[in-house]
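From just these sequences and the hints, can you work out the full model?
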Amino acid sequence: MEQGAIFKSNRSQAVRLPKSVALPDDVKRVDVVAIGRIRILTPAGESWDSWFDGEGVSPDFMSTRNQPANQEREGF
29 MEQGAIFKSN RSQAVRLPKS VALPDDVKRV DVVAIGRIRI LTPAGESWDS
79 WFDGEGVSPD FMSTRNQPAN QEREGF
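No gaps in the numbering here: position 17 of the sequence shown is 45 in this note's numbering, and each next residue is one more.
Everything labelled a hint here was simulated from the structure, so no lab data went into it.
Keep in mind it's a predicted model, so treat the numbers as computed, not measured.
Don't be surprised by glycine CBs; every beta carbon is placed ideally from N, CA and C.
Be aware that a few hints might be false.
Under the rule of at most 20 Å between Cα atoms (straight-line distance), these lysine to aspartate or glutamate pairs were calculated in the EDC-like manner [as the list claims (entries may be wrong)]:
1. K36 - D54
2. K56 - D77
3. K56 - E74
Estimated spans, in silico, between C-beta atoms of each pair [as the list claims (entries may be wrong)]:
4. P96 - A50: 27 to 33 Å
5. Q41 - Q99: 47 to 53 Å
6. I66 - S40: 30 to 36 Å
7. R39 - A72: 31 to 37 Å
Here's what the structure looks like:
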């Protein structure tokens, strides 16, 4: 796992990424998702693109899923 550095730039925080995990040169803005103390950076407007453009799952994914039988429940 690579580690970057956090530093102050004027009154904002900035992140210095190692070259091995740097974003492509054409990325000028990022979306930031905050989950507790975690921050996730993605190129602006592309957070789901790579997910949907990815490989997908293998043909045998969950082929032997242990699904319990449907339960009878009262309606609303």
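Practice problem: Could you check the hint for me, namely that R39 and A72 are 31 to 37 Å apart, CB to CB? | Solution: violated (22 Å)
Quiz item: Hey, K56 versus D77, does the alpha-carbon distance stay inside 20 Å?
Solution: This hinted pair holds, its Cα atoms lying about 17 Å apart.
Quiz item: Would you say the C-beta atoms of P96 and A50 sit inside 27 to 33 Å of each other?
Solution: violated (46 Å)
Quiz prompt | Cβ distance range 30 to 36 Å for I66 and S40, holds or violated | solution = 19 Å Cβ-Cβ, so the 30 to 36 Å window is violated.
Quiz item: For the pair Q41 and Q99, does the Cβ-Cβ distance stay inside 47 to 53 Å?
Solution: holds (49 Å)
Quiz item: Is the straight-line distance between the alpha-carbon of K36 and that of D54 20 Å or less?
Solution: With Cα atoms ~24 Å apart, K36 and D54 exceed 20 Å; violated.
Practice problem: Take a quick look at whether K56 and E74 sit within 20 Å of each other, Cα to Cα. | Solution: Holds, because 12 Å separates the two Cα atoms, which is no more than 20 Å.
The earlier numbered hints that this structure contradicts are 1, 4, 6, 7.
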